[in-house]
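2 protein chains.
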Amino acid sequence: MARSNSEALVFDVFGTVVDWRSSIAIEAQTVLSRHGVELNWNEFADSWRKGYAPAMDKVRTGELPWHNLDDLHRMLLDDLLVDCGVHSICEPDIRQLNQSWHRLTPWPDAVEGLQILKNHFVISTLSNGNFSMLTNMAKFSDLPWDCIISAELAGHYKPDHRTYQTACNLLSLPADKVMMVAAHTGDLEAAKQVGMKTAYVHRPLEFGPNCKVPMPDTKHFDVIAKNFLDLASELQC
Amino acid sequence: MARSNSEALVFDVFGTVVDWRSSIAIEAQTVLSRHGVELNWNEFADSWRKGYAPAMDKVRTGELPWHNLDDLHRMLLDDLLVDCGVHSICEPDIRQLNQSWHRLTPWPDAVEGLQILKNHFVISTLSNGNFSMLTNMAKFSDLPWDCIISAELAGHYKPDHRTYQTACNLLSLPADKVMMVAAHTGDLEAAKQVGMKTAYVHRPLEFGPNCKVPMPDTKHFDVIAKNFLDLASELQC
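Listed in order, the protein sequences are those of chains C and F. Quick note on our numbering: the first sequence kicks off at 1 and runs consecutively. Quick note on our numbering: the second sequence kicks off at 1 and runs consecutively.
Hints may be right or wrong, so weigh each one.
Heads up, simulated DSBU-like pairs for lysine-lysine below, C-alpha to C-alpha not over 35 Å straight-line [stated by the list, open to error]:
(1) C/LYS50 - F/LYS177
(2) F/LYS177 - F/LYS139
(3) F/LYS212 - C/LYS177
(4) F/LYS219 - C/LYS226
(5) F/LYS212 - C/LYS118
(6) F/LYS118 - C/LYS226
(7) F/LYS226 - C/LYS192
(8) C/LYS212 - C/LYS58
(9) C/LYS139 - F/LYS177
(10) C/LYS226 - C/LYS139
(11) F/LYS226 - C/LYS219
(12) C/LYS177 - F/LYS139
(13) C/LYS139 - C/LYS58
(14) F/LYS212 - F/LYS118
(15) C/LYS177 - C/LYS58
(16) C/LYS50 - C/LYS219
(17) C/LYS58 - C/LYS192
(18) F/LYS50 - C/LYS192
(19) C/LYS177 - F/LYS219
(20) C/LYS226 - C/LYS192
(21) C/LYS177 - F/LYS58
(22) F/LYS118 - C/LYS177
(23) C/LYS58 - F/LYS177
(24) F/LYS219 - F/LYS192
(25) F/LYS219 - C/LYS118
(26) F/LYS118 - C/LYS118
(27) F/LYS118 - F/LYS50
(28) F/LYS212 - C/LYS139
Examples of chain C residues toward chain F, derived with CB under 8 Å [to be verified]:
(29) GLU43
(30) ASP46
(31) LEU64
(32) HIS67
(33) TRP107
(34) VAL111
(35) ALA154
(36) THR166
(37) LEU170
(38) LEU171
(39) SER172
(40) LYS226
In case anyone wonders, no lab produced these hints; they're calculated from the structure. As the structure is a computational prediction, the values presented were derived from the model and not from experiment. Beta carbons are placed, not taken as given, at the ideal position from N, Cα and C, and that holds for glycine.
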């Protein structure tokens, strides 16, 4: 894969760039333990995340009008707190907890890898996270994006083809000059459908040490990388 | 003006952050002199820029469907080359010249000032330039934006109120937490109309040394600054 084939790299964020599970577990513990709540915090993070795909599906099918991810997270959080028997949390603390998705910690290689890649490509998010969430997260974690592209700009959530096409249009690039980078094969398959290049990055710990993430078929994507430093090396940076 | 009043600063770009006139004059000279063309290059830049507002007005009134600024620049350039009696330029050179709006040089204080401001606020473009133009320009000139917001994301050019409102919505902030920074009073007046804070930055050389830019009524805006370092100081950074 010659470096010059792609001009921009667009990244899935949750799980690919940042370790949402550990970050959310720590933030949930910080906020909820103030109220005397004791839970398995990793399971709390998993449960919250588990609502993500079904909530977006409701938007996709029209059961819900467009809601950005902050709004969907809040709906899920309200239900989750009830399910966990937590009733005594004040509104400012619920808001702080919902905002914890704006403060996710990158995987150890992510910032250094992105800085190298930035010298050779336009690097952008292409995430279902909303625009302000991704902007605040970049500021919090020093993610050196050239720009922020969100499903919110398309008004459609990935894997809708319009989300990927919007990214290419905004970058003023044909799809085959843009490479989608993700730890999730479904995201890459959808990007491939619109003609984008694809890079799979293996993130075996996204769902915790007890959840095996199988390595996909290496022939299926243009690049397979162990992490962002490996991705930079594969792309001849 | 206490620093804490605003959470984000959004910047007009052409004239406020970058010196489009000198940059375009140099790029035009580089490209066109290869073809033996001799012109007053500053006047060439002025003439190109002069078409900008009328072209956007055609989009605003519906005479033209949505065209991004690269497209409008290209239409204007094609006409301008004819007006200047230049007929022999090849397509790649015309494209290179049109892309020169992606490579504008910042005013001497801009990068340092933005870096200081970035430590205290979310800093973004809010420009009529299209998304890829602003992204490429930031990369070219090391403008350390947290995100890129363009009229293209609103589908309406400034000073349409929807452009300003789109910026506030994307940042998930009420208008009074967002400050518009511009060297043009019309831009600031429009931002004020939707409830945004306003900072006027004086750029007396935007239209060249022979074109006086009067200082506006200092009571009319929240901050008046000589440059971005002065703006940072006024905002208690």
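Consistency of the hints with the structure:
1. C/LYS50 - F/LYS177: Holds: C/LYS50 and F/LYS177 sit about 34 Å apart, inside 35 Å.
2. F/LYS177 - F/LYS139: 27 Å, holds
3. F/LYS212 - C/LYS177: Distance of about 45 Å is beyond 35 Å: violated.
4. F/LYS219 - C/LYS226: 58 Å, violated
5. F/LYS212 - C/LYS118: Given pair F/LYS212, C/LYS118 is violated - Cα atoms ~40 Å apart, limit 35 Å.
6. F/LYS118 - C/LYS226: Holds, at about 33 Å.
7. F/LYS226 - C/LYS192: This hinted pair is violated, its Cα atoms lying about 49 Å apart.
8. C/LYS212 - C/LYS58: 28 Å, holds
9. C/LYS139 - F/LYS177: Given that 35 Å is the threshold and the Cα spacing comes to 18 Å, the pair holds.
10. C/LYS226 - C/LYS139: Cα-Cα ~25 Å, so holds.
11. F/LYS226 - C/LYS219: 57 Å, violated
12. C/LYS177 - F/LYS139: Holds: C/LYS177 and F/LYS139 sit about 18 Å apart, inside 35 Å.
13. C/LYS139 - C/LYS58: 30 Å, holds
14. F/LYS212 - F/LYS118: 31 Å, holds
15. C/LYS177 - C/LYS58: Cα-Cα ~32 Å, so holds.
16. C/LYS50 - C/LYS219: Distance of about 30 Å is within 35 Å: holds.
17. C/LYS58 - C/LYS192: 24 Å, holds
18. F/LYS50 - C/LYS192: 42 Å, violated
19. C/LYS177 - F/LYS219: 49 Å, violated
20. C/LYS226 - C/LYS192: Given pair C/LYS226, C/LYS192 holds - Cα atoms ~20 Å apart, limit 35 Å.
21. C/LYS177 - F/LYS58: Distance ~32 Å between C/LYS177 and F/LYS58 Cα, so the pair holds.
22. F/LYS118 - C/LYS177: 31 Å, holds
23. C/LYS58 - F/LYS177: Cα-Cα ~32 Å, so holds.
24. F/LYS219 - F/LYS192: 13 Å, holds
25. F/LYS219 - C/LYS118: Status violated; Cα separation ~43 Å.
26. F/LYS118 - C/LYS118: 19 Å, holds
27. F/LYS118 - F/LYS50: With a Cα-Cα distance of about 32 Å, the restraint between F/LYS118 and F/LYS50 holds, given a limit of 35 Å.
28. F/LYS212 - C/LYS139: 39 Å, violated
29. GLU43: Given a least distance of 29 Å, the restraint on C/GLU43 is violated.
30. ASP46: With a minimum Cβ separation of about 26 Å from chain F (threshold 8 Å), the hint on C/ASP46 is violated.
31. LEU64: Hint on C/LEU64: violated, closest Cβ of chain F at ~18 Å, above 8 Å.
32. HIS67: Violated - the Cβ of C/HIS67 stays beyond 8 Å from chain F, reaching only about 13 Å at its closest.
33. TRP107: 21 Å, violated
34. VAL111: Not OK, violated: C/VAL111 not within 8 Å of chain F, min 15 Å.
35. ALA154: 11 Å, violated
36. THR166: 10 Å, violated
37. LEU170: At 4 Å from the nearest chain F Cβ, C/LEU170 passes the 8 Å test, so the hint holds.
38. LEU171: 5 Å, holds
39. SER172: 4 Å, holds
40. LYS226: 27 Å, violated
Going through the hint list in order, the structure does not satisfy hints 3, 4, 5, 7, 11, 18, 19, 25, 28, 29, 30, 31, 32, 33, 34, 35, 36, 40.
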